[in-house]
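Going down the list, the sequences are from chains S, W and L. Everything in the first sequence is counted per this note's numbering, starting at 979 for the first residue and increasing by one. Everything in the second sequence is counted per this note's numbering, starting at 5 for the first residue and increasing by one. Everything in the third sequence is counted per this note's numbering, starting at 39 for the first residue and increasing by one.
Keep in mind the hints are simulated off the structure, nothing from the lab. Hints are not guaranteed to be accurate.
Covered by chain L, per the in silico footprint, the following chain S stretches (three or more residues, Cβ under 8 Å) [unchecked claim]: (1) 1059-1073; (2) 1081-1095; (3) 1194-1202; (4) 1234-1242.
From the three backbone atoms N, C-alpha and C, an ideal C-beta is built for every residue, glycine too.
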Amino acid sequence: MFAQQVYNGVALGAVYALIAVGITLVYGLSRIIHFAVGELVMFGSFIAWEVQNATGSWTLGIIAATLALAVAGFLTERGVFRFTLSAPMTGFIVSLGLILVFQGLAIEIWSANPHYAQPPLRGAWDFGSVVVIKQTVLNIGIVVAMLAISYYILMRTRFGKALRAVSDDSQAAALMGIPVRLVIMAAFIAGSALAGVAGWIILTNGSITPFVGANYLLRGFAVALIGGLGNIQGAALAGLGLGVLESLAAGYIAPGWNDAYVFAGMIAILLWRPTGLAGGGEGAHL
Amino acid sequence: MTQLLSTSKLGKNFGGNRALNGVDFRADAGEIVGLIGPNGSGKTTFFNCVTGFLTPSAGRVSWRGADVTGSTPGKLAKLGLVRTFQEKMVFPGLSVRENVRFAIIQHGERDLSEERIRGALTYVGLTTDIMDHKAGDLPWGQCRLLGIALALVLKPALILLDEPFAGTNRLAAHQVTQVLFKLKADGIGAIIVEHEMSLLLPACDRVVAFASGQVIGEGTPAEIIHNPAVREAYFGADHAA
Amino acid sequence: MNGNSAVQRFLPHLGVLLVGVIIFLLPNIGPTGKVLSLATTTVIFAVGGAGLGFLWGQAGQLTLAHAAVFGLGAYTAAICGKMLGTTFVEALPLSILVGAISGGLVALPSLRTKGHYFVILTFAIGEVLAVIEQRWDSLTGGANGILITAGRQTVLGFTLMRRAEYYQLTVIFLTVVSLLLLILTRSRWGTILRGMRENADLAASLGVNIAKQRLIAFAIAGAIAGLAGQLYVYQVQFIAPSSFTTQTSIMFLLVTLLGGKAYLFGPAVGALAYFFLPELFGLPPITNQIAFGALLVLMILLAPEGLLSVIGRTRRFFSRMRTRSRMTHELEAREAAAEKGGQS
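With these hints in hand, go ahead and build the complete structure from the sequences.
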């Protein structure tokens, strides 16, 4: 039972980590708390669902979700967020407005009813104490790959260097000739694309509704905050931690109160270490 | 002279970085003390530790002989120790009138009349026709003077001025100097952090020089200018040859 | 001249009074039941919004737990009515107290965290409260909620169960709350709050105990939200956790922002727009949600000080135009005179 809950927690936490890295990227560069990210994840799920239904291909589904969300990231940055860069709190309120818009649109397009899908991999491996659903292995693999790519780009490429420079001190970066606005736009695109991938993974759990966003939004933020805003490794670790704790709490205490544990835990941790466990903070660095 | 403020072995670490290291300092009633030192020498950290905006990692801060280490800025203000700020000097979105009203209310005065507010402004040499301007719209120099006026409304025994000359034009700098002389005449002590030595030194009774989080020299302005350790730390780059 | 300016100063107050009387007498012009209940809802959310407007506009503190505190006030009234059989009047101090305490609790993290972290924390606190409302079945009725009825109760002579009279009662509450906030805003403490909003460090250095003052401001906003919660539950006579979600918090934000957070009647104007515009345009609820989301985005980008600021700006614009045209006239007249002088 224990090992099973831990494994389930890892599978759960992987998605949180993915969303949190997107949040962290956007925050690290623009200082904007992008609260509509949950709705982006939800949109990713529905686009994957549409494409998968039309073509019968999961691969196309994940690609479509990622690309569509990258476009959404581009459009929201160009359309609204770029006007709020000087006042991040305004950007935050803009994202609250976008929550209403995105969720409303999803209900208009796909109705409020749940949509179902079969995961691409079926069945499970039974290891005695742990039953491993095959799909979760694929999902964890995808998340690890995405995190590794993000980390590589950030730490080993010229582009990543520019990104980190902007995150450290955007004025200094601008003086050094780094195209700051472009880098910020790239962060919005990348962050949203990661939300698209997360959306696809959520679809493989079986069903989606236009209301799944809030759930992932809050967990994504809990993870990003606990890991320390702007800190990718912190987000990955905190994501796993949250997933495992949540799964254990659901297994051993009472599942219905999950949200309460998660948020009470987050509140407690932030009161104890106001800039997250792994550091980072108000002026967080990537 | 009665000793107002003193610190002993004051230290402050940021992570592994020692911003302040065993600072012994004192300021007496009515004395104007200059605090000089190159960038990153710990002057501002010292200011923040003394005024309660940072908690020191080591040592103690005393006010009139009583230990006030770790007291909140609000409590220190009530005891008569008030500071100004280098950048965020005023309440930018409020009118000049309401800025001064704020300070008067904080000082616990009943009288919020126009005369009282005008008095506070004219003390620092501000004209009263700016009363209805938003403080944030004032030129930098007037902002500074307003910031000093706010602190002085509280009738402090000691005022800590954080780079009062920074960004001021010649007229405003002259006005700041005038305020310093007025403080002296009224027996109010001041500690002034400043880069602009030529403006600072004439107004000071005593100067304390900081480098790498430590006090490296102390004396009258004339002594400090000729102190070799200070010359090396402060003018090092220019006077190396 | 003097008399003229006295009249000018007096006129706006008279205007507000007149509008107040008209609002109060709305039932007498025979509105439909739907309009009347919509008007009641508007007034109740104007009360709740006034709390947020005070906190946000005056003290500069944004909270996303306002809906949750509003919900706690509502639950307090409902649970007390259901389990203890309290009347409206008996429950009122309790709802207000619970609102004030929970509002203060929301503020506690602000003593340790700042800016974005704090806003997200208020959101998380709101979510925890929502889960408790949903899961503590024995107390809150869980997802099924609680049904209450006011029976034949009257307050100040108004029968709660009569729609028109309940509406008028809520208008009275709005008036009282507005007056209180007006006094607070104009008071010495109001200056202190605005100073903290503008520059907390400077306020602290001038002797303000930031934590304490912030706590009081949050408690006041919470008390008002608690009151609004009770008004709400006696209007709809039913309460369930679904009424106090993130959406409700965003709605309070929108209502406050729409009218203008710095204005006493900003949230009231915002609530009016929020509840009556959809009726006017006859939009279905989901289209509405999209429209309001877009409106929130547009407002914060284009007119962050709200609709009332737009009116103010237009008026200033016209008065500037008038001054300019008067100046031009004077200039022309002077030039003409000079010309004449030159000729003679």
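Now for the hints, and whether the structure bears them out:
Under a criterion of three residues with beta carbons nearer than 8 Å to beta carbons of chain L, the stated coverage of the stretch 1059-1073 of chain S is upheld, 8 such residues being counted. With 5 residues carrying a beta carbon less than 8 Å from a beta carbon of chain L, the stretch 1081-1095 of chain S meets the three-residue requirement, and the given coverage holds. Closer than 8 Å: that is the beta-carbon criterion, and the stretch 1194-1202 of chain S has 3 residues meeting it against chain L, so the requirement of 3 holds. Under the rule that three or more residues need a Cβ within less than 8 Å of chain L, the assignment of the stretch 1234-1242 of chain S holds, with 6 such residues.
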